[in-house]
Amino acid sequence: MKYHVYGIGNALVDKEFEVSDQFLAYNGIEKGLMTLIEQDQLVSLLTNLNEKFGLKKRAGGGSAANTIVAVSQFGGKTFYACKVADDETGDFYMKDLAVAGVKTKLDQVKGDGVTGECLVMVTDDAERTMNTYLGITSDFSEQDLHLDELKDSEYLYIEGYLVTSDVSRNAAIKARQVAKGNGVKTAFTFSDPAMVTYFKDGVSEIIGDGVDVLFCNEEEAQIYTGTNNLDDAISALSNIADKIIVTLGPKGAKVITGDKHVDIEVSAVKAIDTNGAGDMFAGAFMYGLTQGMSDRDAGMLASESAARIVATFGARLEKDVQQDLARKYLN
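Residue numbers (my numbering): 19 to 349.
Everything labelled a hint here was simulated from the structure, so no lab data went into it.
Given the structure is predicted, the values throughout are model-derived calculations rather than measurements.
One should not assume that every hint holds.
Listed next, the in silico DMTMM-like pairs over lysine to aspartate or glutamate satisfying Cα-Cα at most 20 angstroms (straight line) [claimed, not checked]:
| no. | residue 1 | residue 2 |
| --- | --- | --- |
| 1 | LYS272 | GLU223 |
| 2 | LYS346 | GLU336 |
| 3 | LYS121 | GLU172 |
| 4 | LYS121 | ASP162 |
All chains should be built: construct the whole structure from the sequences, respecting the hints.
Have a look at this one:
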């Protein structure tokens, strides 16, 4: 296998700001969720944020991209299929992935349009709220999949955010089908409560007859399954996934493989910014999975790594920090 994990997802440049709850309320921004916006809204909100708070950080982003970067910086071999425009933001994004060691074909496929951006607003309680203009990434299609690289991978990793665009959802479905036909396992993340609330049918289309690994949090699990407790949600999800990883915030996580349930503890940290915590958790777990770690060891690596992210402003850790963490669990 050439790649441990091949990812598909939105290509977005994150612009992070520290904001107040009053700012969110005044501007009618729903706290804690990812909301799609149009380009004119992006320009207006960005101007407002820059004037009131100032840009804290700019970095390559997108849920699956953050996960793939995490896998790469732990030492895994990765490929990311995505779509950026031939603009300054697209160049920044392409170089950012290359520095992280992630293989792409972006130098060959940049198109006309605008590269997507995500405005990440972090409040004093460390919760992240995102307003996203997808730009050209909403046109991510089957033609952008690079199937030879997919077929030469151990895992396909799909982010739930792809469900919001018809062409991107179809690309995700195609990727899962090709993966299954070529002995490549599939991991899927619900990504955000809004995805399973407003796009449940599309999420089910992507999952199809099931996936090997499913990442979700407690809220997403219960919304998707229409249940009001976690045990019932897990029971329902076991029909569509061989391995289920449920993150529980400060209560840790659960890893369920068949009848085996493993509880994962969480490190106590002072939360600064929760942006990217779920993506890092998935990246660390996927790295552990591809390195033969037990569910417990992969889960503990994921938990420790996510805790470090929560205590850091931004969605990524330094490579040497990740590799120090990984050494604790590698045999």
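Hints, verified against the model:
Among the hinted pairs, LYS272 with GLU223 is inconsistent with the structure: their alpha-carbon atoms are about 25 angstroms apart, more than 20 angstroms. For the proposed pair LYS346 and GLU336, the alpha carbon gap of about 17 angstroms is at most 20 angstroms, so the pair holds. Distance hint between LYS121 and GLU172 is fulfilled; the C-alpha atoms sit about 15 angstroms from each other, no more than 20 angstroms. Only pairs whose Cα atoms come within 20 angstroms are accepted, and LYS121 paired with ASP162 is accepted, the gap being roughly 14 angstroms.
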